[in-house]
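Please work from the sequences and hints to get the whole structure.
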Amino acid sequence: MRDKLIRPTKSRTFELLFLSALMGLLSACGGSESDSEADYGAIKFYNASSNSPQMFFTIDEDLDDEDDDALEATYSYIGYGEATATRDLDNIDYFLEVAWQSDDSSSRDDLTIVHETEVSIEKDQLSLFVLNGDISNSSLIQYNLPIIDDDNDDDEELFNFSILNLHNQFDSLQLHVSLANETFNEAMPVTQFEYQQLSDNQKLDQEEYIFYLTLPGDDEVLFKSDSVNFPYANQYLLMIKPSNGVGESAFSLDILSWSSYLNLENYGESGKFRVYNGIETHDLLPDYIGQISTMFTTIGDEISVDSLAIGEFSDAYAAQRGDYSINLTASETEQPLLSNHLVTLSENVFKTVFFYLSEENVDHDGDGDVDEDGDGFVDEVEVKIQSMVVENNLNESLYQHNMQLLNLVNDDDYPSIRLYFVRSDELIETAQHWRTAWFATPTEINMSNNTYEVYAVAQDDSSDIILASELLVLDETSLNQFVLLESDETSGSGYRMTFTNQNP
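Note that the sequence shown ends on residue 505 in the numbering used here; no numbers are left out.
These are calculated hints, taken from the structure and not from any lab test. Using N, Cα and C, we set each Cβ at its ideal position, and we do this for glycine too. Don't take every hint at face value.
Derived Cβ-Cβ restraints for the label pairs, each shown as a range [said to hold, decoys possible]:
1) Glu158 <-> Asp324: 31 to 37 Å
2) His365 <-> Asp412: 20 to 26 Å
3) Gln170 <-> Asp220: 18 to 24 Å
4) Ser340 <-> Gly312: 22 to 28 Å
5) Ser308 <-> Leu205: 51 to 57 Å
6) Ser417 <-> Gly80: 40 to 46 Å
7) Gly80 <-> Asn169: 18 to 24 Å
8) Asn145 <-> Leu343: 44 to 50 Å
9) Gln193 <-> Thr113: 37 to 43 Å
Only pairs whose alpha carbons sit at most 25 Å apart, straight line, appear in this in silico SDA-like list of lysine to any residue [what the hints assert, rightly or not]:
10) Lys385 <-> Ser470
11) Lys124 <-> Ala71
12) Lys204 <-> Asn182
Here is the structure:
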């Protein structure tokens, strides 16, 4: 039986109101997938390599057997801190491959293999495979743990979990738990666990909990989770790994259920934001001559960004978790340009707020005709200042890099622009990597290390128009990028394309 590529189920960090519902859903899904009375074991893969590209995990019953009855399943695009669903398997031997897509094809035969191994699946045992360490010298570690299916857990309303410490800067850690309405003062120590050693199974009452990490015998809290509800008698894995966020905590916590995963950052951790001024000067904005000042306001906190010129990014500002109201003024005249726009900053995230101008044709009578006098020109336009909030991608990979494409070209003639990433043996029409960027709508593409000629191409009736082109070199030292498309009266084409690090 051959399977298609399978993408992992992704559950991102949510606000407190959604956590209980989400974990309840994951638990309910998980409980139906395991059947310990059948002659099965199970397998799961988790990516703990922080600078890895998105990985592929293949299970193959027989490398030499092309028969459709032989199991061959590939789980695809498994990023840092992500896991496959747990898969039930017959109690036989399997070949395993961990690989990444270094070329255009995602076919198994074209992947770059990082690890190959074999596994003997045992009845009622979960074989957990963890990719750990720098991807250029990574290790694939196997852990075996019993699949817990105790009838008493349902009767006594208990759930099960084990802990794995994958933070190489901490040889030993202590886990504490409290109920959701308690603090660390009421928390009880659960277990001490060592680096790369899977803890014994633990049982707790089915409740809503907060998790804390300390050093053994210490009361200083190094990590505190948001509250998580565990309403079912299921089995979980708690994975402690280094945080790649912008806050001060060294830890993040991934909770793996049978079918999915949930990432938790240090609760209350600060985040960061910065601002980009993409607002063009315009005859209808006489008070704006090229600089903006921005005020971010939340309960108990205000942050101001002053005198930011066109085409510039501000510095990055640390800010507490919360919901912020944005007010924008023209720096020279203090004329309001925008007010009460929302940006929400969660723990450990870095967001960039792009301000830009949009022109809209005025249709006073609502009949859809914006050229009432029939002279071939729009009778009247109005301008608006808008904000676009983009979350920066902080997962820095050695071999692949995230490109967030942002089209700020406000031109009715070019409602969308295609960006082509052209390699040395390609032309625009043969380029394998491209995306369509609509106005003020972020899109993204992951690019492997190489040298590219990047072209921004728009369509005018039957003609293709090159608006801008730039050279892009990506290597192991490169960072994730914003690719900005904007109007520019000083350039020969009237447009420009710029590249900026997402995490400066």
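May I ask you to test the hint 18 to 24 Å on the CB atoms belonging to Gly80 and Asn169? Given a distance of about 19 Å, which is inside 18 to 24 Å, the answer is holds.
Take a look at whether the Cβ-Cβ distance between Ser340 and Gly312 falls inside 22 to 28 Å.
holds (23 Å)
- Query: Holds or violated: 18 to 24 Å for the Cβ distance of Gln170 and Asp220?
  - Reply: holds (20 Å)
**OP:** Given the hint that Lys204 pairs with Asn182, test it: the Cα-Cα distance must not exceed 25 Å.
**Re:** holds (20 Å)
Falls inside 40 to 46 Å, the C-beta gap from Ser417 to Gly80? violated (28 Å)
Practice item. Could you say whether the range 44 to 50 Å given as a hint is met by the Cβ separation of Asn145 and Leu343? Key: Cβ of Asn145 to Cβ of Leu343: about 48 Å, so the range 44 to 50 Å holds.
**Item:** Range hint compliance [Cβ, Gln193 to Thr113, 37 to 43 Å]
**Value:** Hint holds: Cβ distance 39 Å, inside 37 to 43 Å.
Hint consistency between Lys124 and Ala71 [alpha-carbon to alpha-carbon, up to 25 Å]: Roughly 19 Å between the alpha carbons, so the hint for Lys124 and Ala71 holds.
Problem - Given hint Ser470 paired with Lys385 - CA-CA distance at most 25 Å - result: violated (29 Å)
**Q.** Cβ separation of Ser308 and Leu205, checked against the hinted range 51 to 57 Å
**A.** Since the Cβ atoms of Ser308 and Leu205 sit about 54 Å apart, the hinted range of 51 to 57 Å holds.
request  = Hint says 20 to 26 Å; check whether the CB-CB distance for His365 and Asp412 agrees.
outcome  = holds (23 Å)
ask   = Okay, Glu158 versus Asp324 on CB: inside 31 to 37 Å?
value = About 36 Å separates the Cβ atoms of Glu158 and Asp324, which means 31 to 37 Å holds.
In this structure, the hints that do not hold are numbers 6 and 10, in rising order.
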